Amino acid sequence: MKDQGLATHAISQVLKFGSYGSTLLMLAGLLLAFVWPAQPAHYGMNELVHRFFRLDPVAVMQAGIALLLLTPVFRVIVAIFSFAGERDYRYTWISVGVLLIVLSSILFRLAH
Amino acid sequence: MTAFHLLALAGLGAGAGIIGALLGLGGGLLITPLLNLLFGIPIEVAIATSLVAVIGTSSATASVYVEQKLSDIRLGMVLELATTMGAVSGAVVAGLLSRRMLTILFSLFLAYAGTSMLRRAGSRELASEDPEEYRVKRVPLGLFLSYLAGGISGLLGVGGGPIKVPLMYLLMGIPLKVATATSNFMIGVTAAASAFVYYQRGHILAYPTAPVVVGVFAGSLVGSHVSRRVPTRWILWLFVSVMFYLAVTMAVKAIRMGTS
Chain F
1 MKDQGLATHA ISQVLKFGSY GSTLLMLAGL LLAFVWPAQP AHYGMNELVH
51 RFFRLDPVAV MQAGIALLLL TPVFRVIVAI FSFAGERDYR YTWISVGVLL
101 IVLSSILFRL AH
Chain X
113 MTAFHLLALA GLGAGAGIIG ALLGLGGGLL ITPLLNLLFG IPIEVAIATS
163 LVAVIGTSSA TASVYVEQKL SDIRLGMVLE LATTMGAVSG AVVAGLLSRR
213 MLTILFSLFL AYAGTSMLRR AGSRELASED PEEYRVKRVP LGLFLSYLAG
263 GISGLLGVGG GPIKVPLMYL LMGIPLKVAT ATSNFMIGVT AAASAFVYYQ
313 RGHILAYPTA PVVVGVFAGS LVGSHVSRRV PTRWILWLFV SVMFYLAVTM
363 AVKAIRMGTS
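Protein chains in written order, with my numbering: chain F, 1 to 112; chain X, 113 to 372.
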C-alpha cells in the first residue's frame, strides 16, 4: 500500500463532520417541531433557504438531510484533490469517474 | 404527525441502530420492513428513508475506519465505479416496479441475508490474517459483482454489506477486517447515488427521514459502546429470527396485495 496520510485524514474529517453535522441539524429540526408543530412538506431550494433562516422545523430537517446526502459527494471531491496532491493521477481519474457517475444520477427523473 | 409519532419513529431507528452496531451491519435491513409494516409507510418511501439512514451510519463508522487505515481507499474507489453505476440502475428500476414486486424482492433479500448470517455464525473467523499484506485478486469479477451489489442497494435501500464483504473476502483475497471496513467506506457514496434519484421523485421526506436518521445515529453510537459487553451470538440469533419473521410477513403482505 502507498502512503495514504493526506487522503485518509481529509476523507475521515469530511465523513465525520458531514454525518455528525447533518444529524445535529435533523435533531434541531425535531426539537423545533416539538415547540412549533409543523405540517409535513417538501420545499424547493428557494423556499428551503428562506424557511431555514426562519427556523421552520421541516426546513431545518430538510437541510440536514441535504447535507447528509452531499457528504459522500464532498468525500469524493476531497479524494480527487488528495490523490492529485499525492501525484497519484490514476486514482485521481478513478475518483473523477465516481464523481461523474454520482452526479449523473441527478439526470434520472423517472416517476413511479 | 404527532409528537408520539416522531418519538416512535426515532425509537424504531434507535433499535435498528443498536442492533446494527452490535452485529456490524447497517440497520437498513430492519428499517424498511418496520416502517412499511408498522407505520404503513409506502415501500418506496421506506426504502428512500432507509437509504438516508444508511448514509448516516456508514459515514460515521467509515470516518473511524479510514482514520485507522483499515479501509482500502484505493480499492474502494475502484469498486465504487461499479457500485454507483449499479445504484443508479437499481433506483431507476425501482421506479418501474410495482409495490408488490418491491415487497417480494425485499422479502427474498431478507431471507438471503438471514441465511448468510447463519452461515457466518457457524464458521470461525480467521483472526490471524495480516491486514497489511494482501494482493487484490479477480478485479473484473469484483467489478461485475459490485455492480450487482450497488443495484440491490439502489433497488431495496440496503447497504449491501452481506454481498460486498463475502465478495471481497472470499473472491478477491481481501482480509475480512479490511473487507468489512472497505465495504462500509463504499456504502455512503453508493447509497447517495441512488438517494438522489429518490430525492427527485419526492420520496425522501423530512418525516419520517429526520426522526429515523437521528434515532439510528444515536442507536449506533450506543451500540458501538456496549458491543464488548453483550453476548453477540445471542443477539445474532434474535436478529436472524426477526429477519425471517419479517421476510415471511412481507411475502404474505405481497400475496394479499394483488397486482397494484
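One or more hints might be untrue.
Said to hold, decoys possible - List time: in silico DMTMM-like cross-link candidates among lysine to aspartate or glutamate, alpha-carbon distance up to 20 Å: (1) X:K365 with X:E156; (2) X:K181 with X:E245; (3) X:K289 with F:D88; (4) X:K289 with X:E179; (5) X:K181 with F:E47; (6) X:K289 with X:E245; (7) F:K16 with X:E179.
If you are wondering where the hints come from, they were derived from the structure by calculation, not from laboratory data. Predicted, not measured: the structure shown is a model, and the values here were computed from it.
Status of each hint after checking the structure:
{"no.": "1", "hint": "X:K365 with X:E156", "result": "holds, 15 Å"}
{"no.": "2", "hint": "X:K181 with X:E245", "result": "holds, 13 Å"}
{"no.": "3", "hint": "X:K289 with F:D88", "result": "violated, 25 Å"}
{"no.": "4", "hint": "X:K289 with X:E179", "result": "holds, 14 Å"}
{"no.": "5", "hint": "X:K181 with F:E47", "result": "violated, 41 Å"}
{"no.": "6", "hint": "X:K289 with X:E245", "result": "holds, 12 Å"}
{"no.": "7", "hint": "F:K16 with X:E179", "result": "holds, 10 Å"}
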